[in-house]
Amino acid sequence: MTDNELPGPDDEARVPRRVIGTPAQGTAVLGTRPVETEVETPGVTLPDPADARKAERTVTLLFFVAFVAGIAFIASYVVFQVGSLDKTAVSNAALGGTLTVALLALASGVVVWVRRIMPKYNLVQERHEMRSDDDTRGYVDETFRAGAGESGFVKHKMMRRTLLLAAAPLGLAPLVLLKDLGPLPGTSLRHTVWKKGMKLVVEGTGQPILAADFDSPGGILSVVPEGYEHDLNALAKATLILIKFRPEDLKSGTIKNWTYDGIVAYSKICTHVGCPAALYEQTTHHILCPCHQSTFDATDGAKVIFGPAARPLPQLPIGVDGQGYLIAQADFDVPVGPSFWERGDAEADAREARGNQS
Amino acid sequence: MNETPKAIAGPATYLDDRLGAGSFLKRNLRKVFPDHWSFLLGEIALYSFIILLLTGTFLTFWFKPSMGHVEYQGVYEPLKGVMMSEAYASTLHISFEVRGGLLIRQMHHWAALLFVAGMMVHALRVFFTGAYRKPRELNWIIGVLLLTLALAEGLTGYSLPDDLLSGAGLRITEGVAISLPIVGTYITFFLFGGEYPGVDVISRFYTLHILLIPGILLALISAHMVLMWVQKHTQMPGPGRTEHNVVGAPFYPAFMAKAGAYFLFTFACIAGLGTFAQINPIWLFGPYTPADISAGSQPDFYMGFLEGALRLMPAWEINFLDHTVPLSVLIPALVPMGIIMTGLALYPFAEQWITGDRREHHLADRPRNAPVRTSIGMAAVTFYGILWLLGANDEISTHFHIGLYETTIIGRFAIFIGPAIAYWITYRICIGLQRRDQDILSHGVESGVIKRLPHGEYIEVHTPPAEDIAEHMRGKKQIPIVPGDDDKDGIPPKGVRGPIGKLRAAASKFYGTDHVPLDGHGHHDGHGDGHDEHAAVGAGDKPRELH
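The listed protein sequences correspond, in order, to chains A and B.
Everything in the first sequence is counted per my numbering, starting at 2 for the first residue and increasing by one.
Everything in the second sequence is counted per my numbering, starting at -17 for the first residue and increasing by one.
There could be a bad hint or two in this list.
Calculated cross-link-like contacts (lysine-lysine; reagent style DSSO-like; alpha-carbon spacing at most 30 Å) [unchecked claim]:
| no. | chain 1 | residue 1 | chain 2 | residue 2 |
| --- | --- | --- | --- | --- |
| 1 | B | LYS46 | A | LYS121 |
| 2 | A | LYS121 | A | LYS197 |
| 3 | B | LYS46 | A | LYS180 |
| 4 | A | LYS121 | B | LYS8 |
| 5 | A | LYS304 | A | LYS252 |
Worth flagging that the hints you see were computed from the coordinates, not collected in a lab.
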């Protein structure tokens, strides 16, 4: 395998030069039988035997440590049970600690073995160009053409064309099969579960909200539709944030008819990529989405004042029922959440529709 | 050993009689592998992948990829009685009620991070040393595919536990997918089985995560290894190393043992991290609901650059013939990833076109000796790094007391200016290092010995550099330049005519011009081969213009 010799820079130090008058290494000294010695191969520098013996002790120690740690791993599995936070933490530390030590010791042992017991190598191999020689290429080319001719694929046109024809629908078949992965979007993205008369309830507790009790100017409440508290699909579009303002704080962007006593409901689903816009800064009335920091002005129709969101958070028309609980007056009149291709300029359409109503 | 033990010789003979494996082993047992620390980086990724397969299989024994709602009845007190998906409940079960479950789960997560990180540093090593050049372009492409697939594998795996944090990632994925023009809503509805989040996505991601993507990864990794084996590894320039040989240690026994030890080290690192460095403590986040999120949500590090791009982008949405094009989602989601992945995939071919170099290369370049390539690489690293940092701008803002919006605004400028500065600085460093090499080769190394000459002048004695270091430096190769000058009739050579040809000629000149040729400055006047007292003080300080 080795093609030529390459004396390394430290060869002189490690390998004693041949002393004049003594036979070269590997040649017979007495008679014709060669002596059994470890023969130096070019490019292979054997380690100093004394050092190798010392290294063996280190390696042995490390392997033994790995053995003990491996036993300790199995023992830890038996001894330490799981079932509570603390117990799991102890079990985790014991199992992981012993495993780590065992692997580290084993790895270190092998490294010492390679570096101090195995020879230093400086072997050389030839590289050859990747390309095949011209004869081979020629032969393959010829064989290919001969085979193509023999198969009749070239000559019999009808066969060739119908084969391609036959392959086309079969190639499409797997794609067709994927159709039932999901329903078509239709207009589902344009609606949420909100409708006239549906109660607003507090997310988590499910309590309906008395308009008179929700009296914390500057506060923010996460609100979901009654009856859909655990329906994630409904929540992904219908979750609201409810904020109460002094009526004089509200600016023109907010539709005042859709508020009740200074209480405004916006979609909580960010119009950028749909994270819940959950942070609220009381002093500035800013709603902030923690994912990409789109910031909306809650007093002004939740219009965008910073960040990548391009549209305001849609506002939900709210009112109260006979007992004074907050209810929805209608569904959102624009699609909530992230933008999509079919959405179009829903805001303009909604403005037009609102204009016609009033 | 005088004789192979029977226990090995017997089966070996049996196998060889049936498979003829002997001739394969004859060729390959002593296959030579060159040595350099940077050649080990890819192995981190390889071994992490093996650990991922092992730990991942363990996790599948208990994980239930279902979004069915259950009430939690496990041992973790704070969540008892809470409604959650089976996926989340079973992840809690693995974490608290299976011995070693938490350890293996954390090791799986750490191994995933190390897998991607290993691939990245390995790709950088291959790029900066030009090891992607002919004949290795195809293996480079396989590598780019592997990196892309690894990101997809990470994304699908990260979403499985169905906790609040992973759900936020899934929601962003949905928001990006639905923003695609024309097909976005369809893709989303097919992926989620209807509207987000639906009840299908966890089980679908599970199939992708444990079967489809790992299967492709395994196939591509095998191909990557086979090609590396067949084409033989590149080597760094040095004594006795040429384009036509490979110098190093044999596969059996040295390289085998080293690789085994390195696998064990990687394994030990991952085990240590899984034990002592908590990762993704899903029980703290609670079950997923689209109505909630925790502030400071961060994806795994390899997704950070996409997150940063999304945060950086100013609001921009256009309505086009009654249809919506949400550019503030599309651009950051597709453009940076597109630039980086397409750039990586095309680079070997672009370089070949610019330099006209169709030769095989087996000696690696030192990064300084291909200054334009190195600078382009560092500009790309900076581009990626800024996006990555900005993916954590809320953390930066909190920890360094910078306004949140300021970090974003600074980032919007930095993403254009940063790469340009990085390019320039890297270029200067490369040229500086080349000059240093040239100085060492022509003047030798300062020995620290000051000598007074008979006429009173003091000089510092220079000694020639160590032979292996000198050889390493002399390994510098000229980058070919496409001939672009007009001939005597004023006609440009073939291949550089027309506007594209002119561009090619200019790019080639820019790319290949050697500003610091090793023997181009006439410093060999008499003292290149001398042994001691050459180079009077100050001789190395002659001002040299960069042309």
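Now the hints, each set against the structure:
1. LYS46/B to LYS121/A: violated, 52 Å
2. LYS121/A to LYS197/A: The given pair, whose Cα atoms are some 84 Å apart, is violated under the 30 Å limit.
3. LYS46/B to LYS180/A: holds, 26 Å
4. LYS121/A to LYS8/B: holds, 21 Å
5. LYS304/A to LYS252/A: Answer holds: LYS304/A to LYS252/A is near 11 Å, not above 30 Å.
The structure shown violates the earlier hints numbered 1, 2.
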